[in-house]
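Asker: What follows is each chain in one-letter form.
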Amino acid sequence: MSNNLRFKTSKFIDETYRVSFKFNNKTYFGFKGDTLASALLANGIHLVGRSFKYHRPRGIMTSGSEEPNAIIQLHDNSSRTEPNVRATEVEIYEGLVASSQNCWPNVNFDIGGINNLLSPILPAGFYYKTFMWPASFWEKYEYFIRKSAGLGKSPKVADPDIYEHKYIHCDVLVIGAGISGIMAAKMAAKNGFKTLLVDEKSYLGGSSIYDNSEFSKINNQITSSWLEKEINEISKLENLEIKIRTSVAAFHGYNFLLARENLTDHLPINQRENKVRQRLLKIRAKKVITATGSIERPLIFDNNDRPGILLSSAIKKYIDLYGVACGENNILFTNNDTAYETAMSLIQRGIKINAIIDNREQIDSKISYEVEKNNIEIYKGYTVVDTYGYRRINKISIMKLSKDGQTVIGDKTKLNCDCLGVSGGWTPAVHLFTQSGGKLKFREEDQVFIPNVYPSDQISVGSCNGDFGLEEIIRNTLSSIKKFLDIDNSEYKTVETISGLNQSKRNIWLLPSDKSIGKTKSFVDYQNDATAKDIKLALREGFRSIEHVKRYTTTGMGTDQGKLGNMHALGIISETAGSKMGEHGTTTFRPPYTPLTFGTIVGRNVGEFFDIFRRTPIHDWHVANNAEFENVGQWKRAWYYPKDNENMHQAVQRESKAARDSAGILDASTLGKIDIQGTDASEFLNRVYTNAWSKLAVGKCRYGLMLNEDGMVYDDGVTTRLGENHYIMTTTTGGAAIVLGKLEDYLQTEWPELDVYLSSVTDHYATISVCGPNSKKIVSKVIPDLDLSDEKFPHMSFKNAKIDNIKCRVMRISFTGEHSYEINIQANFGKSVWEKCMEAGKDFNITPYGTETMHLLRAEKGFIIVGQDTDATLTPIDLQMDWIVSKKKYDFIGKRSLYRSDTIREDRKQLVGLLTENPEEVLEEGAQIVADIKKSPIEMLGHVTSSYYSPNLKKSIALGVVKGGKNMLGQKLIIPMENKNINVTVADPVFLDKEGERLNVKL
Amino acid sequence: MFLINCPFCGEREQSEFKAGGEAHIVRPKQPTELSDDEWAEYLFMRKNIKGVQFERWNHVHGCRKWFNMVRDTSNDQIKAVYKMGEKPPVK
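These protein sequences, in sequence, are chains W and U. Per my numbering, residue 8 is the first one in the first sequence, and the count goes up by one each step. Per my numbering, residue 2 is the first one in the second sequence, and the count goes up by one each step.
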């Protein structure tokens, strides 16, 4: 450690606690309390990274979350690696490993630095302009551009840390614990408001907590001492919760805010096990007080980006808070009084200041006189025109500013330095305010945007509200909080302040140079390498909107979101365009204020908690019997049950054959079930289904199609009349919630006069379907008391029954075309009844089959699957299901749409069967169907919706939709594939047992 | 995310609700009497205003009730909520 850079005078640094860390493979030491940035600076390291486009050497520029340059990779090549971390925000801990980004082979010698020399041919929009031609080359360009783009590296393995989400409700949220935030929190909490105070830093008090200057006093005490007492007092308040290391990421409407609370990032790695790393706080606040402070502006001049150039307020913070000198030969460059505070902090510790360059001709403040008294030369009315030094600044040249500040005059003077502090005044941090929908106004005097119209119950106080002087901050904070909370200001009777600063400022957005603009590199956005020249070029090329200039030049589009340079970009645009500042507005500040980790965003929703999934009551049996599963909506459904080494095709062929030859069993529990009761239940079904329901006898079942009001099929299923005013409707597995929602919608909004009640009972029943020629024998063993004769229990009817004294409902309905029974029983008995059926079917080779076989069996019968064979563009007529559309009913949902001019077109896509010329050839689902492949362009007539090899028919079968297909029976069509054309014939979609004889078997 | 004052349950998070499009569009009592144009007017035409809009909302993850809401779409301020069948309390 370079001893002459560390001043052991800071109470924020624990000098008894030495911490070792690695940076670019070298070990360094710092103290507990250091940030990575302060520890590196104490070791004399400024160069920490390379810029994005030109690979220019970059150093630490700031001391907070606004840092554009010092972004590093933490723990490279480990599971905890994290890119683009601001070194200014990382608190060091034992075992910290950090490395520079965007450089190869290393930060001191970076091959990409050649881009800096090429910069004359890399102007704004370079990529847009260059890689446009020829268009077909884009894929090749993209490969190389992607390789060179991006900053850090993302982790390659799962994140080992734990994250969580938490809701917080409070009366008052105070964002920022600087001087106004502390005062606001105290006033709120002491007046009975449940208050939450958050700050992104690891300490409270903002920049005032290290303000030890004789030139700013509160009630005759040094500011920092006064504030410490205040903090001490509020930390004991009962209804005040304080969260440090908590950064508000987003401020949404209705005072809903998201914040990231950092819990373990400052701890040594070995103390983080089983602890929550970061927490996403979802805050609902009745009132919000924003006290987010302000960000110092840099100054825009040629080569203003060299390592060793920092914001003057950052230099002050490093020395006052961390006891670290950023340089041994300092120069400060300013247009306002802030830099003189920095000068005083340096002077107090005997750190050398070579000169102060001030844009202003006249400087009239106590603090500037005090600085002058220390024999420091102040160049009044001067500006820096250039800087020198590749890896660290070593010289600057300065010139006198003309009266109007537009040009430089006189001779050039060179001055030596190893550190340059710049101060361009302050920009209120209005990001969160504008995120919430707040409107800004522009204050001409000091060229700042300040909050104007509040969209919710909130207020901004302190320097984020444009109050910069100590006196102003305290006076305005007190009066506005008092008004905002409607309270008596008894907490702060008298607060007297003394400040040695005045607020004069000479604002020049782009400082003039002796060189032409084309020859300068005056960085506006450091991270994205956008210069003043680029912005001017964009304007010359015709861009006017600030949003367009931003995207074209990439100003403000880095991970820092342009916290430093956005104002200058606006200023340069209005100066160049000759318009008034403020007319252009600002670009939109979007959440998050600082980047969030993915871990914080997803919280606990990882691994098996990523999404909800639903299991049937028989699920465990499927697992135990080797089932493969498929996701249907949120359900896990048994897909097929491979035996021995069967692949999916082999298993499905075996299952399908067994179901038709003897017996199959399917877990159909996932089908949606809606219990419908009420005196108008029949009338209701009449209105929602296309067919008629009034005459359905009790104990009978009927298949129904549901249409949207536009006439398109959106669900189907069998509904059973359980009693005079009682039905049970089944829906598709995926459609259950949508159907229930739609039925409720009509009941509540269009037909409130109907006496109908709907309840979802999907999860209440397990549904077991036993099908095949031997199904009757099997069910008669399971339910011996039930008369299964066709006379007593015909197809499409239902019986109440009992299995071991447990009530169940048995429906004789079939989705396979086989004789089959559906047993519905209370869910918790589902598995035992399933096992009973398996036992009873042992002698009949009862074969469990999954959804794939179910799909194959129904396709043999030409039964549609809504969502597979339909896609919300098909009417029942298109599906050749005219038989299900009642002609007699006056109205039902979708009826009127069935004879709109568009729905009666003959050439609509219609469902047909497809048979391949070669019966062994199985079509691909989704393949296009054409008639003429010689025509160019080839007309697409439709596509294949379902396709299988049928083991029962011993040939390939398919369903598809084809334009005008209804009238194409027997016609030859072509399925063009990548390397062949497959000939098919349009066929009847019912491939097997058209007469339905298999539904009735003799016992 | 805004807070919606469900007329049946009280104030709840927006995530519990589902938006259901423009309110006060009544399904024609005799659709068969309508011309294609008239039916299309009911079926397809919806307003999407920047400003005060009358909307249907459903407390889908709560009481499942549909209700009406008056919302300014430019700033998401909710002017009123009222039950189905009721007249809007604001203009």
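Worth double-checking, as some hints may not be accurate.
Said to hold, decoys possible - From the structure, some residues in chain U lie toward chain W, with a derived Cβ separation under 7 Å:
1. L4
2. C7
3. P32
4. D37
5. L44
6. M46
7. K48
8. I50
9. C64
10. R65
11. W67
12. D77
No lab work stands behind these hints: they were computed from the structure. Beta carbons: idealized from backbone N, C-alpha and C, even for Gly.
Asker: Taking the hints in turn, state whether each one holds.
Answerer: Status of each hint after checking the structure:
{"no.": "1", "hint": "L4", "result": "5 Å, holds"}
{"no.": "2", "hint": "C7", "result": "13 Å, violated"}
{"no.": "3", "hint": "P32", "result": "4 Å, holds"}
{"no.": "4", "hint": "D37", "result": "5 Å, holds"}
{"no.": "5", "hint": "L44", "result": "6 Å, holds"}
{"no.": "6", "hint": "M46", "result": "13 Å, violated"}
{"no.": "7", "hint": "K48", "result": "18 Å, violated"}
{"no.": "8", "hint": "I50", "result": "18 Å, violated"}
{"no.": "9", "hint": "C64", "result": "11 Å, violated"}
{"no.": "10", "hint": "R65", "result": "6 Å, holds"}
{"no.": "11", "hint": "W67", "result": "5 Å, holds"}
{"no.": "12", "hint": "D77", "result": "5 Å, holds"}
This entry does not satisfy hints 2, 6, 7, 8 and 9, going by the numbered hints stated previously.
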